[in-house]
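K.L.:
Each chain is listed here by its residues.
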Amino acid sequence: MKEMILQELTRTAHDLTQAFAHLVPRLIVMLIIIAAGWVIAWVVKLVVRGILRVTGFERLSQKAGAARLLTQAALPSSSELLSRLVFWLVWLGFILLGIGALGILGLQDLIPRLVLFLPRILVALLILFFGMVLAGFLSRAALLAAVNANSPSARLISGFVHFAVVILAIAMAFEQLGLAQQTVLVAFTILFGALMLGLAIAFGLGGQELARRALERRFGPPSKAEREDDLSPL
Amino acid sequence: MARPPTTTDALWYKDAIIYQAHVRAFSDSTADGVGDFAGFAGKLDYLQQLGVTALWLMPFFPSPLRDDGYDISDYCAVHKSYGSLEDFRSFLDAAHQRGIRVIIELVLNHTSDQHPWFQESRSSRDNPKRDWYVWSDTDTRYHGTRIIFVDTEMSNWSWDPVSKAYYWHRFFSHQPDLNYDNPEVREEMWRVMKFWLDLGVDGFRLDAVPYLVEREGTSCENLPETHAVIREFRARLDAEYPGRMLLAEANQWPGDLRPYFGEGDEFHMAFHFPLMPRMFLGLKLEDRKPILETLQRTPEIPPSCQWCLFLRNHDELTLEMVTEIERDYMYDVYAGDRSMRLNLGIRRRLAPLLENDRRRIELMNGMMMSLPGTPIVYYGDEIGMGDNIFLGDRNGVRTPMQWSGGWNAGFSTADPESLYSPLILNPVFGYQAVNVTSQQRSEHSLLAWMRRLIAVRKASPVFGRGSIEFLRPANHRVLAYVRQLGNERVLVVNNLSHAAQAVELDLSRYKGRVLIEMFGRNLFPRIGDLPYLLTLGPYQFYWFRMRKV
Amino acid sequence: MAEENILPDEFLRQLMNVGEVDLVVAVPTHNHARTIARVVEAVRLGLVTYLPRERAVLVAADGGSRDGSLSLALEAAAAPLPAEAELRYLRTFQVVGGTYANGAGNHSPLRLVLAAADLLQAKACAVLSPSASVAPEWVERLLAPVYRKGFDYVAPLYRRHRFHGLLVRILLYPMVRALYGKRIHEPYAADFAFSGRLGADLLAGPEPAAPGDAADYLRAPLCALTSNYRVCEAFLGPREQTELAADLVPALRQTVGPLFRSMEEHPGCWQAAKGSEPLPVESGQEEITSEPLRLNRKRFHQMFCSGVADLHPVLATILTGETLADLGACAALGEQAFRFPDELWAKTVYECAASFHRNAISRDHLLQAMAPLYRGKVYEFLGHTRHSPPEEFEARVEALCLAFERLKPYLLQMWGGRQGGTP
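Chains as they are written, first to last, in numbering that gives the first Met the number 0: chain A, 0 to 233; chain B, 0 to 548; chain C, 0 to 422.
Be aware that a few hints might be false.
Capping the alpha-carbon separation at 25 Å, the derived lysine-lysine pairs in BS3-like fashion look like this [as the list claims (entries may be wrong)]: (1) LYS148(C) - LYS122(C); (2) LYS457(B) - LYS42(B); (3) LYS128(B) - LYS163(B); (4) LYS288(B) - LYS122(C); (5) LYS510(B) - LYS547(B); (6) LYS283(B) - LYS122(C).
Hints in this document: simulated from the structure, not taken from any laboratory.
Keep in mind that this is a model prediction, so the values were computed, not measured.
Okay, chain A solo, but in the shape it has when bound:
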């Protein structure tokens, strides 16, 4: 009995080492491919950057207003962004190639599916990107408005707005990716709805005066008594 188990074990160990021995070169190949890919991608990125610089892409993007958007969102310049994107695309390609070289059957099927999945990832990234930009813009607008209305919790409001928009963007990205769609949707709805309800109650009950005054100011004739003092800037 002991001999049979030992024999089985050695045979399995032997099979394993055999498989491993087969795998290792492929692994090494994969690593080589990835490494090579990194180098090539890096070179390509440099080339792209150079081309963009020569063709004046920066200026073009500035004219299109994209540059402004990027600086406001605290992102690097558009040519840099583009060259980095190219870098990642190329390297990703090589990684996929490398994984393909591993020859693991399951993975072989996975790769085309992954490739098909890529555009959705791109779209989700875009959504996230614009969501970030919008969050920054809106939160800043809220901050300024709150500061100028002499509200004590200006930063809080601004942060909240930023948070809300980011959450919205993430939710939309997730939906785009198709990950946990229902969960995300329901969770987001509940969160958002509760938030709005809370705001409405707070505003309606507690902020009656404020609301009335704000509406009067917007739609009715100006009245001196509302203002804090008699100073007028103009």
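With chain A's structure known, arrange chains B and C on it following the hints.
P.N.:
For chains B and C alone, coordinates are given in the frame of chain A:
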């Protein structure tokens, strides 16, 4: 007294075209340097050709001539410089033969102190003619009455050393006022009028009528008693001499002038003094407002009565009947040179006032001929004569008539130095540039144009007798009105601006009528639903007959 | 030319009927039914009393009022004058009324007025705001320098409380003065006059960016200052509080925004000027009153401090690190020891202008961010001048202006390209 075939229409003065002239200035046949009746008679053909239908002669009676003939020393004679009574009679007949009526001046209010009546009156207190004038032992009666010739007289009373009393005079001190409270005076003045009427004169311009009667505690002007005197004269005139006319010289606001028409039982005509300066004002402002307002404030007059319209006359362009603001403006724009100003007026002729601008002269004449009233043309203005402001007083506008470019402008064959007044000599208005002969030779002269204007005006009785309705287009530079008589309707549009104008007239009441321009008799578009659009050149005017076809 | 598109047919017909004029007095209205009748009366009286011989027209330019301001204006103009005034006025009184397109067409009232003045060949044109403080003399004081003395632009001077219009006094006036080298006290005048020549120039310029923009009201004096026109100031009288932009942020949007934008449009115009010269003044000096006024100074300080703190990330993109640090230091000083040096204020404004030009952040946000900083300066200004006599007050303002002028090279430097703010 021969009455040749002039119309016996009692309202002839409504259609008349009156020509104002001084015998002295018109034509000299005796070579003494002063015009006379014989000479004037020789020029009546010219006036007939012009289209004139009535003449108004300035005073030609014997007079010391200290007030240009308005100080009369004999009412029933002719000053020897102008000829004899016979000359006047022939002149009158010649005029009548050409269909021209003659209106003479009669100064009712006062005489010269050289008049025999005054000589008698002052000789003693018991003289039968003593009460013919207004005497007083003190100069305090009628206190507060205004002085008319402010520049020369200090008081309305003057002391007479001969009769040792004061006598009343509203004008110069050598023109004592007659006393109209005295029936003898009234009778005598009627006899004077009868004298001239019997000769054949067609009407009188009665000078200085507001001042006939004085009463204590009043302004001594426009008193009811004065009106009674006028009514008396008028009644006698109508009874014995139908068809003769009385014209009032009363420089008053229209409201005060109205009583002089009475109920058609006083004067037939009166001068519309306030309108004249406002026509010049409106022209300079390029705004119809002054003209329109004056005419609207003009009161209604009895149907047999008529206003007299004029642009200029022998006096200064009087600015008495305008507000101070208007007077200042008129002085500034029309008489920048102070020497042109006199006695609250401007002493210039028509052409120099309008800067010899042919278009403006035409416009003003056109307005005068189309507004309601009888037009009076001052001698010389039909050829655009100039003036001489360096002659004193108002003599600058009373220079000899310029007939030709030759010796003495054809006025007289005497020595140029012996003329009663120097001629106009400058190259612009001088007699060689402006005279009747050269203008008669051209179809485009002012004279020819005036002739055509008068002819068109005479062709339609609507101008003299019709009513007036003002249109008020949004463009205030355009004065537009409609004259109407019976079925006849005439549209008059005047552009008071130096620039071309477009104007939209609301003629909806006359919809469907066709407009026919009266000078060329060309057709203009029919009046439709839309406002009627007209364009006018600088200072242009149109007369349209609105015909229902 | 653009006029034909601006002028509605009816308006054009009215202009045709008016013909050539010497003077235009324009009153732009927008829901001013309360005061417009009085203003029209004052204008009429002014024309009749002071300029009776000139050909004049009153233009009522309405911006789509919903309270019938235009018809009220026309009614008031057609009403009969008092008797003595009627006698004095020899001409027909002309009035023209029109509505300019708002919203859909971007035409501001000034454009309509410019077109009217140009078509009517006016020699002088005055624009009056329909506020209750307009008096008949204003018409003469604005028009006389243009019509009789040959100036091209007349800016107003008012009698106001010293603390009203501080935005003008501590920001707009010093800045315009430093930029263009002329001491124009009211660069945003709603009551001003211009000559026919200047009007034609303005008409030929570009149209305003947005309806209701005060940019047109700024362009007139700037155009006059930069293009060699003769400019003067005329004292008008007391000025009623304006309802427009009684709040700070809209005021900033309407005034500082166009000012910064104008700097971009013609950089050559303002970069060259050095120092400043006073303008000739007609009919009296500016008057400053100091009745007691309800003030809440504490609030300004508090908003400044909280603004600097809360807006730190935003301000960091607009201002240089140094300036921001200085501002922080001021905020930390507390109420009693508060200081806000003139130089710091000038630098702040200039850096904002430069960042505006560079589009560092959204322009509207930039203007909003300036509000708390302005409040800080106001607090400091109020503190120093609340109880000082008029001469000292003037001296303070003058010192501030000189600071702006001194630091102009700094502005040029910032504008030129040295990057400010953290990228």
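K.L.:
Would you check the hint for LYS148(C) and LYS122(C), treating anything up to 25 Å between C-alpha atoms as holding?
P.N.:
holds, 12 Å
K.L.:
Taken at face value, is the distance from the CA of LYS163(B) to the CA of LYS128(B) at most 25 Å?
P.N.:
holds, 16 Å
K.L.:
Between the alpha carbons of LYS283(B) and LYS122(C), is the straight-line distance 25 Å or under?
P.N.:
holds, 19 Å
K.L.:
With a cut-off of 25 Å on the C-alpha distance, tell me whether LYS288(B) and LYS122(C) pass.
P.N.:
Given that 25 Å is the threshold and the Cα spacing comes to 23 Å, the pair holds.
K.L.:
Does LYS42(B) lie within 25 Å of LYS457(B) when you go C-alpha to C-alpha?
P.N.:
holds, 21 Å
K.L.:
Given the hinted pair LYS510(B) and LYS547(B), is their Cα-Cα distance within 25 Å?
P.N.:
Satisfied, since the Cα-Cα distance of roughly 9 Å is no more than 25 Å.
Hint compliance for this structure: every hint is met.
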